[in-house]
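Asks: Single-letter residue listing:
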Amino acid sequence: MSSAGNNGRALPWALVTPALGWTLLFFVLPFIAMGLSSLTVHEGGSFTLSNYSQFFTNPSYWQAMVNSLQVTAIVTVVSVLLAYPFAWILAEQVPERWQRLALMLAVLPFWTSYVVRSYSWLLVLAQNGVINRALTGSALITEPLQLANTRFATVTGFVHFFVMLLTLTIFANLKQLSPSYRKAAADLGAGPVRTFLHVVLPLTLPGIMVGAFLTFVLCIGDYITPQILGGNNELLMPQLVMMQIGRRGDFPLASALAIILMAVVTVAYLACARWLKIERA
Amino acid sequence: MRALIRFASWLYALAIYGFIFLPVVVLVLFSLQATSFPIPPFTGPSLRWYDAVLSDTRLTSALVNSLLVASISSFASVTLGFLSAWGFARFVLPGSGLLRGLITLPLTVSYLIIGMGLLVLFNWAGVPKSLVSAGIGHVVINLPLCFAIIYSQMGDHQINIERAARDLGAPEWKVLLLITVPVMAPAIFAGVFLSMTFSWDEFVISFLLTRFDTTLPVEIWNLLRSGLNPKTNAVGSLVFAVSIVLVVLFELTLLRRKTA
Chain A
1 MSSAGNNGRA
11 LPWALVTPAL
21 GWTLLFFVLP
31 FIAMGLSSLT
41 VHEGGSFTLS
51 NYSQFFTNPS
61 YWQAMVNSLQ
71 VTAIVTVVSV
81 LLAYPFAWIL
91 AEQVPERWQR
101 LALMLAVLPF
111 WTSYVVRSYS
121 WLLVLAQNGV
131 INRALTGSAL
141 ITEPLQLANT
151 RFATVTGFVH
161 FFVMLLTLTI
171 FANLKQLSPS
181 YRKAAADLGA
191 GPVRTFLHVV
201 LPLTLPGIMV
211 GAFLTFVLCI
221 GDYITPQILG
231 GNNELLMPQL
241 VMMQIGRRGD
251 FPLASALAII
261 LMAVVTVAYL
271 ACARWLKIER
281 A
Chain B
1 MRALIRFASW
11 LYALAIYGFI
21 FLPVVVLVLF
31 SLQATSFPIP
41 PFTGPSLRWY
51 DAVLSDTRLT
61 SALVNSLLVA
71 SISSFASVTL
81 GFLSAWGFAR
91 FVLPGSGLLR
101 GLITLPLTVS
111 YLIIGMGLLV
121 LFNWAGVPKS
131 LVSAGIGHVV
141 INLPLCFAII
151 YSQMGDHQIN
161 IERAARDLGA
171 PEWKVLLLIT
181 VPVMAPAIFA
191 GVFLSMTFSW
201 DEFVISFLLT
211 RFDTTLPVEI
221 WNLLRSGLNP
231 KTNAVGSLVF
241 AVSIVLVVLF
251 ELTLLRRKTA
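First to last, the protein sequences are chains A and B.
With the working numbering applied, the first sequence corresponds to residues 1 to 281, in that order.
With the working numbering applied, the second sequence corresponds to residues 1 to 260, in that order.
Since the hints were made in silico from the structure, they are not lab data.
Some clues are possibly wrong.
[Unchecked claim] If you anchor each label on the Cβ, the simulated ranges turn out as follows: (1) Glu251(B) with Trp13(A): 32 to 40 Å; (2) Arg247(A) with Ser55(B): 29 to 37 Å; (3) Glu251(B) with Gln93(A): 22 to 30 Å; (4) Thr35(B) with Trp98(A): 34 to 42 Å; (5) Asn232(A) with Thr60(B): 37 to 45 Å; (6) Leu49(A) with Leu47(B): 30 to 38 Å.
[Said to hold, decoys possible] Facing chain B, a subset of chain A residues (Cβ under 8 Å, in silico): (7) Leu11; (8) Pro12; (9) Trp22; (10) Val78; (11) Phe86; (12) Tyr114; (13) Asn149; (14) Phe152; (15) Val163; (16) Leu165; (17) Val200; (18) Asn232; (19) Ile260; (20) Met262; (21) Val264.
Note that CB positions come from ideal geometry on N, CA and C, so glycine has one too.
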């Protein structure tokens, strides 16, 4: 009773079993159910691969994956290009004592509801929204631009979110960099530009890759932003999955599409594994 | 040259801040709009849309649901996460690396897929859609987070305090409640507040797993179908305010850990 030795076997398992049980019951088991479901036919019992073959033969499903990959690639590249100089400015140009505040301000809108954040971009991009009003008001254009319900709107909404995320990760990365590297480069005669290109940038590349991977994963799996901002003009994968559930109640096909989406993420992970491992070490 | 870089930096930072704040400022500004459309020109100020939100029973009950699901599910997440973190940090278990990996695995899967899996499973098992189902999903996504935070903060100095308590005759449950929980309080609070913010803002799982009684993000989603509407702006601004409060609490617990 008084020592840990008496109940040495039972206690540790009693501690970890609830969490493990929860994960098995509500994460692993559902995943297996989804896998099995993906092998059945909607309103039919027999096992089949037809849900998967549909993905490869139906051009509109295939197109959704192409759209998803294109949007995700554009978002990832644009977000990194915008966030890196910003994180650099926060880390290098802003005085030390203001950095925490500057960073907190930069990620403040992060904490609005995700649904609301996408909606508020609609206010900016709509036919009679802020941008169009400003442009027509200043007589730069006569007809309002079609900004909402386009790929441009989807990308803008995503970039808004991921610039904040990447600024955080890249900033942390830049701060970890020991100043002695830069001093050494300067002592050896490198100017600021060369120091940046040959010392700072390569050393922060693993961090960028981790951030880019995170962007990829979160972006390709997201339903809200493309649904609110992109409308139904072009479908992305998560929208396609949700459509199978919402409109047609076709769980098997939705399961198969979700598993394909997950497979793509896994491939991306394996492609980035080298960079991701460096970061963890 | 240096002055030029400095000037360009200021300009660039200002542009990015503008980009980041533009939608939020527009949201809050037009929530104060007096007329029925949240578009320029600004005709406000008026609080009538906040009034409309607070007297809308669907929205207010969704708000209560959200707070309920967020607090219960984050309490469950942090309890399960804490117990397992303690178990893994203090005892040698066979295959513990693998088991820890299993607990953190849901972090790598998108919410859409976690929600879909639960939907398929519950559908097969005949479990009806409800706030409870959605709450179960919220624990799935927040448990790994709580576990990871708390496990990473279990240091060696705590082992010694625990050993001292045992040597003085405290039974395990007393060690846990009177020593470990208070010592780990900052990490536990961090886990609670992070889980609450994530649950509070979670949409897709709640959307898939609830039907009549639902959470605020889903109810906001339903509002969006009516197009641009100052009521949506008002409720969005309120949600923003609640999130900021949670974040500030989170910051304070982190700061306390740093000074402690």
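Asks: Does each hint fit the structure? Answer for all of them.
Replies: Comparing the hints with the structure gives:
1. Glu251(B) with Trp13(A): 32 to 40 Å: holds (37 Å)
2. Arg247(A) with Ser55(B): 29 to 37 Å: For Ser55(B) against Arg247(A), whose Cβ atoms are near 33 Å apart, the range 29 to 37 Å holds.
3. Glu251(B) with Gln93(A): 22 to 30 Å: The hint (22 to 30 Å, Cβ to Cβ) holds, given that Glu251(B) and Gln93(A) are roughly 24 Å apart.
4. Thr35(B) with Trp98(A): 34 to 42 Å: About 40 Å separates the Cβ atoms of Thr35(B) and Trp98(A), which means 34 to 42 Å holds.
5. Asn232(A) with Thr60(B): 37 to 45 Å: violated (31 Å)
6. Leu49(A) with Leu47(B): 30 to 38 Å: violated (58 Å)
7. Leu11: holds (6 Å)
8. Pro12: holds (4 Å)
9. Trp22: holds (6 Å)
10. Val78: Interface hint status for Val78(A): violated (11 Å vs cutoff 8 Å).
11. Phe86: holds (5 Å)
12. Tyr114: holds (6 Å)
13. Asn149: With Cβ-Cβ at 12 Å, over 8 Å, it is violated.
14. Phe152: violated (14 Å)
15. Val163: holds (7 Å)
16. Leu165: violated (11 Å)
17. Val200: violated (14 Å)
18. Asn232: violated (13 Å)
19. Ile260: Since chain B brings no Cβ nearer than about 11 Å to Ile260(A), farther than 8 Å, the hint is violated.
20. Met262: For Met262(A), the interface hint holds, since the closest Cβ of chain B sits about 6 Å away, which is under 8 Å.
21. Val264: violated (11 Å)
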